[in-house]
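For the sequence shown, counting from 1, position 538 maps to 538 in full-length UniProt numbering; every step adds exactly one.
Derived by calculation from the structure, the hints in this document are not laboratory data.
Mixed in with the good hints there might be a few duds.
Said to hold, decoys possible - In silico BS3-like pairs for lysine-lysine, Cα to Cα no more than 30 Å straight-line:
| # | residue 1 | residue 2 |
| --- | --- | --- |
| 1 | 62 | 572 |
| 2 | 553 | 84 |
| 3 | 572 | 479 |
| 4 | 572 | 553 |
| 5 | 89 | 479 |
Unchecked claim - Listed next, with one range per pair, are the computed distances between beta-carbon atoms:
| # | residue 1 | residue 2 | range |
| --- | --- | --- | --- |
| 6 | 565 | 52 | 37 to 45 Å |
| 7 | 4 | 213 | 48 to 56 Å |
| 8 | 259 | 88 | 25 to 33 Å |
All C-beta atoms, glycine included, are put in the ideal place defined by N, C-alpha and C.
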Amino acid sequence: MVGRLQHFLFSLSLFWAVLYALRHYRRRRTSNAAFLPAPTSSTKSLSCELLRSRTTRITLSKFHIGVYSTAFNNVHQHFAARLKHSRWKRLLGFAYDAGSLLGVLGMLGSVLLLLWTTLHLVSSAHVIQTPISSAPRTLHKREELFGETLLSSESSSQDAPLQLIIPGVTTPLHHLPILFAALSATQLIHEAGHAVAAALDSVVLGSAGLGLTFILPSAFVSFAAGETESLPPRSRLRLISAGAYHNLLFWLFLSGIAWTNVSYHVWTVLGYQDVTAYGRVVIHIDESSPLYGHLPVGSVVYKVGDDTLDGPQGAPSRWESLLSNKRDGPAPTLGWCTDEAWFAVQNATCCITRPSSSEVFMGQSCFAPIADPSFERCVDPLLFLDAPDTRRCSSVVDCGHGQLCNRPRGDQELVSLTMHLPPWLRDGREADDVERRLVWQGDTSEILHEVEVGDWLPSYEVLPIGLPVLWDNLFLYLKTLSLSLYFFNLLPLPFLDGGQLLDVLFDWYMSRGVATDGGAVMLSALEATDVEQLPNAVQRLRQGGLPKTWWTKAVHFGVGTLLACCVLLSLKSTL
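Taking the hints into account, I'd like the entire structure generated from these sequences.
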């Protein structure tokens, strides 16, 4: 994981270094070609440009690269012209008016969801900082590194309504390309909503483009500020909320696909077999893992220790519970019956030095009798696991005369993975190479983090083994990010759609107030014999004046504070 992260950071640094080198080269070339001094604004604009053509401009500034294009302007204008005289315009107008209503509800829902998540994280942080002396001792190996406080309340943080997506922490680092592709796709769908809503009111498209800020991709469309501000409130609401509306519609579409289970039939037709009833297909192994090179990619693990993965809850749940130590009952403490004389002559070298890290066991491990834990000897666990006549025991009573009931020492946790090899993965020279068994020594939860497993086994070697998992991950990210962008963009913050939506709602409310209470304002002004202040009073009421500025700033500050607290608390509970 560390090596892959270093490689990613190096590649990212090299990417930005090359871009800035190109910008520096173009800046020098432009300055040498100029004979007359250019205006300051023009010089500043040119200094940020990497490329300019008739329809496209690429800029680079402050680790943000943006591609601005007017190539789609004619397409949008043609679409708006056809829509203007189409019988579908009225129907689309009603549909996007419904999107305005869903936008208002989504803005309220996003604030409540953010408040709920923040309160949940605050309460979880209070529980997390409870001293160990007063908390149940259910710590795992990784949690012992933190000493005096219980920092493992993963279940509390995972139950939060909102969770951060951090590549390499909450999601595997090799999911980064899939995550970026899903984020780019959902943002394109978002901006398409703004473009369609603008076409309903014949608003001219200024430009469209893509951007990359450090590592985050983005998409955007721009319109002339004068045209959008001159629209009636209903059209402005429709234009602002259309992006989030598209994200919500896309999420509903993906949810429908998941509900109908279309992908199951597609993979079956393509030649894949579903193994979720009895096992898990090994798809990918982290290169830094000790399992790399020992656990065959494409094998089907159907047994963990003494427990098979088939069951009512299915193999995915069994795999998760067995390796994360989340069992329904107490962990088994069975050992193996061995001859006392044979066990006594084994060496005890491996019992003297304790293992410093988890490893795939290729040698010996420290065993001791259940009745006498101090009688330690080094034994190859494969002698027990591969022998079909070895008897399992819970005490020496279960064994014969002259035998001991031995099991691994407490600090040397062992678990065996029994796997089935598909025909295309077997060694043709060995007819019996159908099953293999591998022994892991250490924390079993590390297997969950280092090994990626899937549901579908290809029937032929030519079929990509990771294709179903790739699609499942992409589908999951598309679905998650679509709903996330719907709520996030509707937060009432000045740099998001929700901030503009709040302004339009306030202006609409104030304009209705002016229309209904205009007579009262005029009468009040006349009674005060302050006729000169009448136009100013009406104008302040029409534009909101100071109350609007104070009110919107208060909302922005409150929501921004909640968002900052939520992010910081999420980082604290995650990292």
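Sort out whether residue 479 lies within 30 Å of residue 572, counting only the CA atoms.
26 Å, holds
Decide if the proposed pair is consistent with the structure: residue 572 and residue 553, CA atoms, cutoff 30 Å inclusive.
28 Å, holds
Would the hint linking residue 89 and residue 479 be met if the CA-CA limit is 30 Å?
29 Å, holds
Please test the hint of 25 to 33 Å on the beta carbon pair from residue 259 and residue 88.
At 28 Å between Cβs, range holds.
Outcome for the supplied range 37 to 45 Å, where the beta carbon pair is residue 565 and residue 52
43 Å, holds
For the hint 48 to 56 Å, verify it against the beta carbon of residue 4 and that of residue 213.
Violated, at about 23 Å.
Can you confirm whether the C-alpha distance between residue 553 and residue 84 stays at or below 30 Å?
38 Å, violated
Decide if the proposed pair is consistent with the structure: residue 62 and residue 572, CA atoms, cutoff 30 Å inclusive.
Cα-Cα ~28 Å, so holds.
The structure is inconsistent with the numbered hints 2, 7, although it conforms to all the rest.
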